[in-house]
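**Student:** Take the sequences, apply the hints, and build the full model.
2 protein chains.
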Amino acid sequence: MLGIQEIGSYIPGKRVSNYERTEKFGITADFIDEKIGVKSISVRDPSEESSDLCIKAFNNLAAKIKIKKEDVDVLVVITQNPDFSLPQTSAIVHGKLDMPEKCASFDISLGCSGFVYGLSIIQSFMKENEFRTGLLFTSDPYSKIINPEDKNTSLLFGDAAAVTLISDNPKYITGKFSYGTTGKDYQDLICKDGKLIMNGRSVFNFAAKTVPKDVVCCMKLNNLTLAEVDRFVFHQGSLHIVNTIAKRLELPQEKVVFDAWDYGNTVSSSIPILLENEMNGKDNKIIFISGFGVGLSWASTILIRAK
Amino acid sequence: MLGIQEIGSYIPGKRVSNYERTEKFGITADFIDEKIGVKSISVRDPSEESSDLCIKAFNNLAAKIKIKKEDVDVLVVITQNPDFSLPQTSAIVHGKLDMPEKCASFDISLGCSGFVYGLSIIQSFMKENEFRTGLLFTSDPYSKIINPEDKNTSLLFGDAAAVTLISDNPKYITGKFSYGTTGKDYQDLICKDGKLIMNGRSVFNFAAKTVPKDVVCCMKLNNLTLAEVDRFVFHQGSLHIVNTIAKRLELPQEKVVFDAWDYGNTVSSSIPILLENEMNGKDNKIIFISGFGVGLSWASTILIRAK
Numbered sequence: 001m002l003g004i005q006e007i008g009s010y011i012p013g014k015r016v017s018n019y020e021r022t023e024k025f026g027i028t029a030d031f032i033d034e035k036i037g038v039k040s041i042s043v044r045d046p047s048e049e050s051s052d053l054c055i056k057a058f059n060n061l062a063a064k065i066k067i068k069k070e071d072v073d074v075l076v077v078i079t080q081n082p083d084f085s086l087p088q089t090s091a092i093v094h095g096k097l098d099m100p101e102k103c104a105s106f107d108i109s110l111g112c113s114g115f116v117y118g119l120s121i122i123q124s125f126m127k128e129n130e131f132r133t134g135l136l137f138t139s140d141p142y143s144k145i146i147n148p149e150d151k152n153t154s155l156l157f158g159d160a161a162a163v164t165l166i167s168d169n170p171k172y173i174t175g176k177f178s179y180g181t182t183g184k185d186y187q188d189l190i191c192k193d194g195k196l197i198m199n200g201r202s203v204f205n206f207a208a209k210t211v212p213k214d215v216v217c218c219m220k221l222n223n224l225t226l227a228e229v230d231r232f233v234f235h236q237g238s239l240h241i242v243n244t245i246a247k248r249l250e251l252p253q254e255k256v257v258f259d260a261w262d263y264g265n266t267v268s269s270s271i272p273i274l275l276e277n278e279m280n281g282k283d284n285k286i287i288f289i290s291g292f293g294v295g296l297s298w299a300s301t302i303l304i305r306a307k
Numbered sequence: 001m002l003g004i005q006e007i008g009s010y011i012p013g014k015r016v017s018n019y020e021r022t023e024k025f026g027i028t029a030d031f032i033d034e035k036i037g038v039k040s041i042s043v044r045d046p047s048e049e050s051s052d053l054c055i056k057a058f059n060n061l062a063a064k065i066k067i068k069k070e071d072v073d074v075l076v077v078i079t080q081n082p083d084f085s086l087p088q089t090s091a092i093v094h095g096k097l098d099m100p101e102k103c104a105s106f107d108i109s110l111g112c113s114g115f116v117y118g119l120s121i122i123q124s125f126m127k128e129n130e131f132r133t134g135l136l137f138t139s140d141p142y143s144k145i146i147n148p149e150d151k152n153t154s155l156l157f158g159d160a161a162a163v164t165l166i167s168d169n170p171k172y173i174t175g176k177f178s179y180g181t182t183g184k185d186y187q188d189l190i191c192k193d194g195k196l197i198m199n200g201r202s203v204f205n206f207a208a209k210t211v212p213k214d215v216v217c218c219m220k221l222n223n224l225t226l227a228e229v230d231r232f233v234f235h236q237g238s239l240h241i242v243n244t245i246a247k248r249l250e251l252p253q254e255k256v257v258f259d260a261w262d263y264g265n266t267v268s269s270s271i272p273i274l275l276e277n278e279m280n281g282k283d284n285k286i287i288f289i290s291g292f293g294v295g296l297s298w299a300s301t302i303l304i305r306a307k
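Chains W and X, in that order, are what the protein sequence lines are. In this text, residue positions in the first sequence follow this note's numbering: the first is 1, and each later residue adds one. In this text, residue positions in the second sequence follow this note's numbering: the first is 1, and each later residue adds one.
Not one of these hints is a red herring.
No distinction is drawn between identical chains; accordingly, a pair holds when it is met within one copy or between any pair of copies.
Lysine-lysine pairs mimicking DSS-like chemistry, simulated, CA-CA at most 30 Å apart:
#, residue 1, residue 2
1, K282, K68
2, K102, K192
3, K96, K176
4, K255, K39
5, K213, K68
6, K184, K102
7, K195, K144
8, K184, K127
9, K184, K66
10, K102, K285
11, K96, K184
12, K69, K127
Calculated from the structure, these hints are not laboratory results.
**Tutor:** Here you go:
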């Protein structure tokens with residue numbers, strides 16, 4: 001059975017401190033510590049393209065686990081900040097990694113729900129095509145489109161990438177997925193004239209209202225109760241949104257992961273970056289994951305330990 | 001079993017004649033009639049966004065067949081010219097069509113191989129998630145990125161969109177798929193600074209060399225001989241590339257479709273536009289389809305009549 005064998009990630013070393021921007025944006029340290037939960041954001045070097053972040057994540061994965069390139073059947077990149085509008089970034093990654101010609105590749109354009117969607121898309125594609133080894137990349141460096149003067153976005157989003165190895169020798173397998181879209185609200189998170197514009201209040205209200213309902217729906221689909229879940233890994237939109245969702249569901253605080261303090265909201269990479277830790281050396285039998293944001297769009301599933 | 005139930009398409013009414021541009025580009029009428037096979041290209045109105053082309057294709061589909069919006073489980077858009085870099089165009093289409101909240105949606109970024117890939121991606125995603133009704137849109141209006149002074153591209157590419165209804169009441173089901181990528185050649189078709197640049201000779205040589213091999217590979221995968229195929233629907237890159245592939249495979253001319261005379265190479269919409277005719281009122285039991293281009297990337301499969 002296909003599932004997640006291992007995850008590699010890459011967070012660029014450069015940081016921009018939010019404490020040093022309190023005056024500029026008229027915010028307090030409490031706002032950083034209690035609301036957004038981001039002390040500093042990670043920023044790529046401008047010479048690092050989205051595909052380069054993927055390569056660095058891959059190198060970190062390959063340092064942990066041997067990957068035979070000739071075995072890779074499919075390579076998927078989730079991004080809304082590709083190197084170029086065309087070709088697809090997956091082709092560039094394919095070329096830079098010198099992957100075999102028979103390796104299928106495509107990009108998925110989704111934001112913060114992208115990793116969860118991507119797990120279902122790549123696994124079902126692999127199953128149907130009888131593939132055994134796949135790489136699911138997430139790389140969406142928002143520094144490309146952030147207006148540094150925009151308080152709503154420039155304190156929040158950090159750059160990072162991750163790669164998830166899908167194979168028939170998994171550590172975790174996925175359960176059933178729930179999905180949803182409210183496309184009529186697509187303007188709430190949009191890139192216009194090369195700049196990201198976010199209606200923070202609308203996006204917050206959407207997540208606070210929709211995600212708890214979706215968690216319940218996903219639990220039902222999987223015949224599970226909240227008490228049976230060991231860890232809840234929500235997209236790291238902000239500390240406040242993760243806390244709000246947890247509170248509405250009355251989840252025990254120790255089961256809910258938040259750890260974007262040092263790098264920020266890394267869009268579709270936020271969940272795999274956390275899973276890399278949660279999947280290894282911990283006693284997590286069932287992990288719940290949920291992504292939500294750009295679209296507006298959301299998706300949830302559970303991960304079940306396979307061995 | 002899931003498969004293609006029906007296809008709707010939309011080709012904007014405006015045409016730019018290539019015969020009227022022979023002097024400008026220093027070409028002959030023979031070049032138009034015998035090499036590119038495009039007498040005029042279709043051009044969208046600048047007010048028509050990629051999502052709008054999708055809506056018009058959907059309206060043409062809905063005029064042929066009743067689609068209950070509340071039944072639509074997933075909506076996929078294949079494009080490399082989205083309305084915005086984010087959100088995904090599928091969310092915008094979801095909003096404009098007032099689709100239900102439970103409808104999953106995502107974009108796939110692929111070029112001329114996109115429709116064939118998309119068929120496998122959406123069908124496998126639907127099967128795994130137990131979905132019964134899906135819409136696969138292709139909308140990649142290259143007029144957004146064509147430099148009108150560029151002979152290599154501006155005589156060739158036309159604007160169009162298509163939507164393919166995937167359901168458990170199909171006219172045609174798909175066989176096995178073959179795929180490939182040569183990402184190291186990604187610069188051969190690229191959009192830089194908002195303008196499309198194509199190395200026509202390289203792309204031609206790639207297609208002439210790779211596609212015939214892939215056809216043979218796909219036939220083998222499906223345990224079929226070329227003689228058993230009723231129609232070959234290749235991506236309409238140009239008349240010359242379709243003829244070259246057909247000649248190398250020694251295919252009977254009457255089995256090979258070329259019909260881009262009046263609108264040009266419509267990227268990922270070229271195959272579904274032709275299939276809309278080939279699937280209806282004709283005696284085609286087995287149709288071979290193959291897409292190739294941007295990436296460089298290719299994919300092939302067969303369609304088998306289900307009823």
